[in-house]
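There are 2 protein chains.
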Amino acid sequence: MRNIKLTIQYDGTDFKGWQIQPKKRTVQGEIEQALHKIFNQKIRLIGSGRTDTGVHAAGQVANFKAVTQLTLAKIKSAINNNTGEDIAVVTAEEVNESFHSQYSAKTKTYRYWILNDEVMNPFHRQFCLKFPYPLNIAKMKRETRVLIGKHNFKSFQGNNRVNQNQDTVRTIKKITIKKDGSYIQIDITSTGFLYKMVRNIVGTLLSIGTGQIGEGSMKKVLNAKSRGKAPKTAPAHGLTLLKLAY
Amino acid sequence: MRNIKLTIQYDGTDFKGWQIQPKKRTVQGEIEQALHKIFNQKIRLIGSGRTDTGVHAAGQVANFKAVTQLTLAKIKSAINNNTGEDIAVVTAEEVNESFHSQYSAKTKTYRYWILNDEVMNPFHRQFCLKFPYPLNIAKMKRETRVLIGKHNFKSFQGNNRVNQNQDTVRTIKKITIKKDGSYIQIDITSTGFLYKMVRNIVGTLLSIGTGQIGEGSMKKVLNAKSRGKAPKTAPAHGLTLLKLAY
Chain A
1 MRNIKLTIQY
11 DGTDFKGWQI
21 QPKKRTVQGE
31 IEQALHKIFN
41 QKIRLIGSGR
51 TDTGVHAAGQ
61 VANFKAVTQL
71 TLAKIKSAIN
81 NNTGEDIAVV
91 TAEEVNESFH
101 SQYSAKTKTY
111 RYWILNDEVM
121 NPFHRQFCLK
131 FPYPLNIAKM
141 KRETRVLIGK
151 HNFKSFQGNN
161 RVNQNQDTVR
171 TIKKITIKKD
181 GSYIQIDITS
191 TGFLYKMVRN
201 IVGTLLSIGT
211 GQIGEGSMKK
221 VLNAKSRGKA
231 PKTAPAHGLT
241 LLKLAY
Chain B
1 MRNIKLTIQY
11 DGTDFKGWQI
21 QPKKRTVQGE
31 IEQALHKIFN
41 QKIRLIGSGR
51 TDTGVHAAGQ
61 VANFKAVTQL
71 TLAKIKSAIN
81 NNTGEDIAVV
91 TAEEVNESFH
101 SQYSAKTKTY
111 RYWILNDEVM
121 NPFHRQFCLK
131 FPYPLNIAKM
141 KRETRVLIGK
151 HNFKSFQGNN
161 RVNQNQDTVR
171 TIKKITIKKD
181 GSYIQIDITS
191 TGFLYKMVRN
201 IVGTLLSIGT
211 GQIGEGSMKK
221 VLNAKSRGKA
231 PKTAPAHGLT
241 LLKLAY
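Here the protein sequences line up with chains A and B, keeping their order. Under this note's numbering, the first residue of the first sequence carries the number 1, and numbering increases by one thereafter. Under this note's numbering, the first residue of the second sequence carries the number 1, and numbering increases by one thereafter.
Any given hint could be a false lead.
Any copy will do: because identical chains look the same in the list, a pair fits if it lies in one copy or spans two.
[Claimed, not checked] DSSO-like cross-link-like pairs, simulated, lysine-lysine; straight-line CA separation at most 30 Å:
#1 LYS179 to LYS243
#2 LYS42 to LYS232
#3 LYS229 to LYS42
#4 LYS243 to LYS178
#5 LYS130 to LYS37
#6 LYS37 to LYS174
Calculated from the structure, these hints are not laboratory results.
Could you build all of it, start to finish, from the sequences and the hints given here?
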């Protein structure tokens with residue numbers, strides 16, 4: 001039994017997210033369909049984690065186990081030939097038996113991409129949020145500091161899947177905010193993310209950047225440990241799962 | 001009467017090209033509809049030239065004349081608010097009465113974008129041609145030299161609109177081929193282009209790059225002055241109208 005690790009890119013626009021669901025087009029569903037065709041049997045694909053409807057990936061990782069003589073190059077091209085053009089397997093590697101895309105992951109990095117302009121660039125509109133209001137980037141950067149380290153991020157967890165018993169403690173390793181012309185990239189690296197956590201942090205940062213909420217707001221929201229305290233969630237299409245570290 | 005010059009970007013994927021056509025979604029049609037709404041009368045938008053179905057623009061230029069008190073910023077935002085997200089007016093300027101987007105143009109630059117890899121990047125698939133076969137870039141560059149200058153480009157004119165009497169002489173000012181990783185950009189600047197001329201030159205360059213046709217082929221094709229001699233046309237979606245010079 002070989003354990004095959006895939007690095008996958010996808011344009012999330014036309015997918016109902018990563019996770020397989022009956023009668024819906026999902027990334028996991030589409031790749032599992034390809035694996036079924038290639039290996040002539042049902043094969044479970046283990047992703048590093050779900051991404052929501054409309055969220056993209058530049059470096060999602062998934063693995064599956066199979067008994068096969070196919071070379072890695074053949075496996076890669078066979079999957080690419082049996083999935084839509086909005087999915088690309090960029091590498092296929094053989095890893096040891098114990099490798100698990102989700103449990104072996106040390107950190108995960110998401111990027112939120114913003115065009116801070118009144119006019120969208122038509123070539124980026126599916127991957128980038130148009131945000132027309134002036135933003136104070138220095139203030140946004142300062143406010144991210146309280147998020148670094150091990151915290152209870154309950155305030156940034158999406159409502160719909162809130163589970164009273166779920167552990168909402170995560171460790172954010174790094175947050176960078178880069179401005180290049182009118183484009184802004186917010187990169188967040190963490191040991192793990194709660195449901196909609198990045199989009200809720202970005203939503204809060206945007207409210208801070210416009211001055212809608214004041215200096216010190218990020219700390220207040222974090223300490224509240226309640227979703228109701230955080231400003232609204234940033235839209236899905238600006239978010240990309242950038243990379244995993246193992 | 002003011003003469004307003006627009007610089008326009010568009011993702012050509014969902015348009016039947018630039019030129020207005022009944023019951024078809026075209027860029028000119030969509031902007032003229034917006035102008036009609038804004039100025040409450042039919043206004044003709046003059047483009048620098050047509051782009052075909054599926055061809056994109058990063059710097060198309062068009063102008064229209066109107067009697068209005070609206071500021072340029074208002075005109076720009078009003079058009080953007082009344083067109084799809086795949087069109088963006090990036091600048092609106094006032095120009096003198098005699099300015100004509102097509103006739104005043106000195107040169108036009110097109111870019112053809114290629115990913116020379118077996119796997120497409122899902123984020124670029126609508127703007128870039130996937131070309132999986134090895135290409136000899138140095139040879140391609142050498143073969144472009146015979147195209148520079150004033151020539152009869154009849155061999156590179158698309159068949160469907162061939163007019164025996166049309167002047168097929170144009171002056172190509174510059175061709176650059178740049179490779180960056182697996183991406184290749186072919187930029188062509190000319191005083192004007194015949195129908196499908198860029199895509200036919202790129203098609204020929206790709207056949208030269210793979211070795212399908214030999215050294216000296218570009219000269220042979222050019223001298224033939226017959227479309228039948230040139231290899232097949234490169235697909236529309238890799239092509240972008242980059243800029244106009246006046």
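Quiz item: Is it within, between, both, or neither for LYS37 and LYS174, if the alpha carbons may be no more than 30 Å apart?
Solution: neither (41 Å within a copy, 49 Å between copies)
Quiz item: Using 30 Å as the alpha-carbon threshold, which applies to LYS130 and LYS37: within, between, both, or neither?
Solution: between (40 Å within a copy, 24 Å between copies)
Quiz item: For the identical chains here, do LYS179 and LYS243 meet the 30 Å Cα criterion within one copy, between copies, both, or neither?
Solution: Close inside one copy (20 Å) and across copies (25 Å); limit 30 Å.
Self-check item: Homomeric proximity label, LYS243 with LYS178: Cα distance no greater than 30 Å
Solution: Answer is both; intra-copy 17 Å and inter-copy 28 Å each pass.
Exercise. Give the relationship of LYS42 and LYS232 under a CA distance limit of 30 Å: within one copy only, between copies only, both, or neither.
Key: Intra 40 Å, inter 42 Å, cutoff 30 Å: neither.
Practice problem: Could you figure out if LYS229 and LYS42 sit no more than 30 Å apart (CA to CA) within one copy, between two copies, both or neither? | Solution: neither (44 Å within a copy, 50 Å between copies)
Checked against the numbered hints above, the structure violates hints 2, 3 and 6; every other hint is satisfied.
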